[in-house]
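Colleague: Protein sequences, first through last, are from chains A and B.
Numbered by my numbering, the letters in the first sequence go through residues 7 to 239 in order.
Numbered by my numbering, the letters in the second sequence go through residues 3 to 296 in order.
Calculated from the structure, these hints are not laboratory results.
Virtual Cβ for every residue (Gly too), placed ideally from N, Cα, C.
Honestly, I wouldn't trust all of these hints.
[Said to hold, decoys possible] From the derived model, a few chain B residues whose C-beta atoms are all more than 10 Å from chain A:
no. : residue
1   : G53
2   : A94
3   : F115
4   : R135
5   : R153
6   : D154
7   : L210
8   : R225
9   : P232
10  : S248
11  : R249
12  : R290
[To be verified] In silico lysine to aspartate or glutamate, EDC-like type, Cα no more than 20 Å apart, as pairs:
no. : chain 1 : residue 1 : chain 2 : residue 2
13  : B       : K281      : A       : E199
14  : B       : K281      : A       : E201
15  : A       : K198      : B       : D183
16  : B       : K281      : B       : D202
17  : B       : K281      : B       : D260
18  : B       : K281      : A       : E207
19  : B       : K281      : A       : D194
20  : B       : K281      : B       : D183
21  : A       : K198      : B       : D202
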Amino acid sequence: MTGSEHQNTHDDVWPPRLSDYLDGGQTPAERATLEAHVASCTACAALLDDYRKVSTWLATDQPSHPLPSVLNAVLGKVDTRLAARLVQPRSRRFLEIVTLAAAAILLVVLLQPAPTLPPPTGAGITTSPSSVAALPASPPAGARAKQSAPPDSYPGEVARLDGDVAAAASRLGSRGMNDLRRSLSAIDGALKEAEAARRVEPTNQALTEYVADVQRHRLATMRAATASLENGQ
Amino acid sequence: MRATLAALGGFICVLLTQPASGQMATDTVIQTRGASVRIVMWDGSVRVRTGDAGQVRIRATRDSSVRIALTTAGDSISLASSSRRRNDNVVAYEIIVPPMSTIRVIANDTEVFVDGPIATIAMTAQHGRAALRGIRVRTMVMLFRGPITIRDAGGSVEATTLRGDIEIQNVRGNVSARNTDGHIHLRDVNADSLVANSVDGEVAYAGLLREGGVYRLTSHNQRVRLNYAPDAGASIYGTAVSGAFSRPEQWRWRAPSDSLSRQMTIGRGGATVRLMSFKGAVEVSVLRPLPMTR
Numbered sequence: 007m008t009g010s011e012h013q014n015t016h017d018d019v020w021p022p023r024l025s026d027y028l029d030g031g032q033t034p035a036e037r038a039t040l041e042a043h044v045a046s047c048t049a050c051a052a053l054l055d056d057y058r059k060v061s062t063w064l065a066t067d068q069p070s071h072p073l074p075s076v077l078n079a080v081l082g083k084v085d086t087r088l089a090a091r092l093v094q095p096r097s098r099r100f101l102e103i104v105t106l107a108a109a110a111i112l113l114v115v116l117l118q119p120a121p122t123l124p125p126p127t128g129a130g131i132t133t134s135p136s137s138v139a140a141l142p143a144s145p146p147a148g149a150r151a152k153q154s155a156p157p158d159s160y161p162g163e164v165a166r167l168d169g170d171v172a173a174a175a176s177r178l179g180s181r182g183m184n185d186l187r188r189s190l191s192a193i194d195g196a197l198k199e200a201e202a203a204r205r206v207e208p209t210n211q212a213l214t215e216y217v218a219d220v221q222r223h224r225l226a227t228m229r230a231a232t233a234s235l236e237n238g239q
Numbered sequence: 003m004r005a006t007l008a009a010l011g012g013f014i015c016v017l018l019t020q021p022a023s024g025q026m027a028t029d030t031v032i033q034t035r036g037a038s039v040r041i042v043m044w045d046g047s048v049r050v051r052t053g054d055a056g057q058v059r060i061r062a063t064r065d066s067s068v069r070i071a072l073t074t075a076g077d078s079i080s081l082a083s084s085s086r087r088r089n090d091n092v093v094a095y096e097i098i099v100p101p102m103s104t105i106r107v108i109a110n111d112t113e114v115f116v117d118g119p120i121a122t123i124a125m126t127a128q129h130g131r132a133a134l135r136g137i138r139v140r141t142m143v144m145l146f147r148g149p150i151t152i153r154d155a156g157g158s159v160e161a162t163t164l165r166g167d168i169e170i171q172n173v174r175g176n177v178s179a180r181n182t183d184g185h186i187h188l189r190d191v192n193a194d195s196l197v198a199n200s201v202d203g204e205v206a207y208a209g210l211l212r213e214g215g216v217y218r219l220t221s222h223n224q225r226v227r228l229n230y231a232p233d234a235g236a237s238i239y240g241t242a243v244s245g246a247f248s249r250p251e252q253w254r255w256r257a258p259s260d261s262l263s264r265q266m267t268i269g270r271g272g273a274t275v276r277l278m279s280f281k282g283a284v285e286v287s288v289l290r291p292l293p294m295t296r
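Chain B extracted, bound-state conformation (with noise of 0.2 Å):
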């Protein structure tokens, strides 16, 4: 028995408690080890940066309520919270993690905010919102209503909303933004391949376009905008059904036989932008520098 608790990693599961109903409650944890945290709740929020390294600190401010099974398996830990009524299941979790730790949240309604560098974060909620910055490896959020605005990320991107907008900016890596009611606003994302697709909101990308990289970016009922850096060279096809092109002027037309599509070159060509909007405009222009201020 010893030989196999060892060997799953020391498996403890603790229940934090407070007698008192009715009242706010404060815990602090603080595990030597866990460099993955799993989090399952109701409502309430989770705020995660980094500290130092082999140590978790986890404060849990509640309703005394509210209990939080606190797992630990290897490297992982795991948070439930449960409560006699589930509207009475809200709790704001500070976390200070080691870098380039691993966190998962799964919930109703709750807000995320991390400060990296994190590896990965997988996030899923039916309400809330996700602000996210340095995370490295990997970034998943889906999301059924809500905003999620990522930045300075690296590796992956995928975030989902249904209802909500998209801010994507500074990332090196594939990036994929996909909602059906919000705008897509996204900068500076140097990817092999980034995917934009709304059903109703705006997409829009500025910044710089990766030698190589292929941009794509769809609204089906409003307009799609590419505002490229001076030094930035693409091919860029564009799309519009029913709507138009800004100074149809830069472009010419993709093919005799297809009546919707342009295309031009900026630069010498190096990335691929594709445009397309159904009922909006396919809008093209060159990203100015802010004035210099005194």
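Chain A on its own, in the form it takes in the complex (with noise of 0.2 Å):
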């Protein structure tokens, strides 16, 4: 058998048994070679995933700028594959059963309450939150671009991305997260020089609101750091 052969044979059998096996279809005997297999087959682990992700996608992507639907919709392509897999009764009935758990999960995102902050681990990242004082009252008005809101308590919600992203990084290769790390750690040392450029003047505004910025960027490049990282990197 060429290697071709092989993959083909492998794709025959594999992945719609994949579909069953999340359509709960299967014996007990069946589910086992079948977990048995994904262990050992980085393709099919993958597709597993994707399949999975599929439902959480419809559950939490939706567009963001929706446009009329359009009435024909019908798939083309320029692959008779494709047709052929489209009018595969295993891969129906697997599409009815995803689309009934994506409906359960948006039934289930719709009923749940508000989302409450996760509390803050301390792991991960190392921060420096304990030297930096509350953030300052409001600029003046008229001499600030309109940012976020700064937080109640910078210390606090630096453990709080710290947390996110330490939850979050098993998705970031080490590359990023060094990269990430560098980063806050080029900021806080930004932070401590601007901190004691305050002490010396402790009334200056301009110095004030210096220091409240480089704590809103810290603030804000964790948190696009963490929003990508629960984009699903």
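Make one complex out of these two single chains by using the hints.
Modeller: Written as structure tokens, this is what we have:
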């Protein structure tokens, strides 16, 4: 058997079983066989993960700028195998199950109360929040760009975001984590220098505003990084 | 069941596969609806441009070992690539979407090029590059490493890269540009609010200043520059902690108790500009028009 034939056989045998597996329609022995295969086959593991993501996407990633539906909802493709897959009974059954699952997820999401902030874990990226005072009061009117409202407690917000990053860090490779650590370290260095200058001139309004600027910069950087991790990096 | 399917907009999941491994394969999918395209990928590139209304065309060029799952839900299309070995998961997408569509890209190392008019783009990548033009409603880019270029945009722009330059030009809408290491250069932003903040890079703004707009440029270690249009009006507040002010004669002290800050007014003073550099210089000058050439 050539490599290509082997690939064909694999694709014909295992992906449809993944659908059935998610359908819950297999016997325990079949499920065990499939789980053993998925454990050793990265392609099927990735495929299974993709299948699972489908329902999540439907529940969480609705278009932010929806446009009117086009009535003619026909998928066309210049690949006859694609059409063949679309009419496979197992695929249809899988789609129905996934659709129902997605509908259930949507229902659960709609019925859930507003989310609460996770407690800070203190784990993850090293920070130096203890040396930072609370953010100053609102800046002079007309002299500050409109920015996201500063948190009541900078250390608390840093700790909370640290927890978010730590929780999602496994999805980020070492290069990304190193970049993030280096950036936050650089911002912390700038913050320490700004605070040292403010200690020399504690009544200097510009320095007080600058300390708040650097704090906002750090929080915005962490929020952007966290948001990217939550998006499925 | 049929009613459920219809209510959810005809949910379709398709796998694009090629049998032979080690060869490049190209698929073209013509999707007759889809105003929102979401792409989850590892490495590669995404090129988006606009075409006919009500039609999405997707061309994916990849190694034949890479699988692409295409999912549709209502007006949304999702593309997710996977491969046996993660490093093989490289896809070059060319996508034509209806004007004012929404694009979302989640990737590891990917270059994204968009030529609008597109309504919204959200891009996240650990490494890569974003070159975006014609985003009309909202632009959100987060790169861990790589440059960002945004031109001719509207609505709001949020550009963050930990290590990389940011260049933003000709925007009508609020802008937030942040990096740690890299320059931030902005030009002609017609905004209520502009915030540009860098730790190790130069921050420079050139061009128009909107009356009533607030422009805030900050760099810790490098200079901050304002090159304003000749007809601009603004109250400019500058702070240089350990750096210097260029042309100090044009500034006056902001307050007797503040030895670090100075201010000046240009034109009718309609905009507010705050320039802050901790270790670099604060420079303000008039934007000179380019000389006419024959």
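Colleague: Indicate, hint by hint, whether the structure satisfies it.
Modeller: Results for each hint:
1. G53: holds (14 Å)
2. A94: At about 18 Å from chain A, B:A94 clears the 10 Å cut-off, so the statement holds.
3. F115: holds (20 Å)
4. R135: The claim holds: B:R135 sits with its nearest Cβ about 18 Å from chain A, beyond 10 Å.
5. R153: holds (20 Å)
6. D154: Nearest chain A Cβ is 18 Å from B:D154, so the label holds.
7. L210: Since the minimum Cβ distance to chain A is about 16 Å, B:L210 lies beyond 10 Å and the statement holds.
8. R225: At about 15 Å from chain A, B:R225 clears the 10 Å cut-off, so the statement holds.
9. P232: About 23 Å separates B:P232 from the closest Cβ of chain A, which puts it past 10 Å; holds.
10. S248: holds (18 Å)
11. R249: Holds, because the least Cβ-Cβ distance between B:R249 and chain A comes to about 20 Å, which exceeds 10 Å.
12. R290: Nearest chain A Cβ is 26 Å from B:R290, so the label holds.
13. B:K281 - A:E199: holds (10 Å)
14. B:K281 - A:E201: Holds, at roughly 14 Å.
15. A:K198 - B:D183: Between A:K198 and B:D183 the Cα gap is close to 18 Å, so the pair holds against 20 Å.
16. B:K281 - B:D202: Holds. B:K281 to B:D202 sits at ~10 Å (cutoff 20 Å).
17. B:K281 - B:D260: It holds: about 17 Å lies between the C-alpha atoms, which stays within 20 Å.
18. B:K281 - A:E207: Roughly 16 Å separates the two Cα atoms, so the pair holds.
19. B:K281 - A:D194: holds (15 Å)
20. B:K281 - B:D183: holds (15 Å)
21. A:K198 - B:D202: Within the cut-off at roughly 15 Å; holds.
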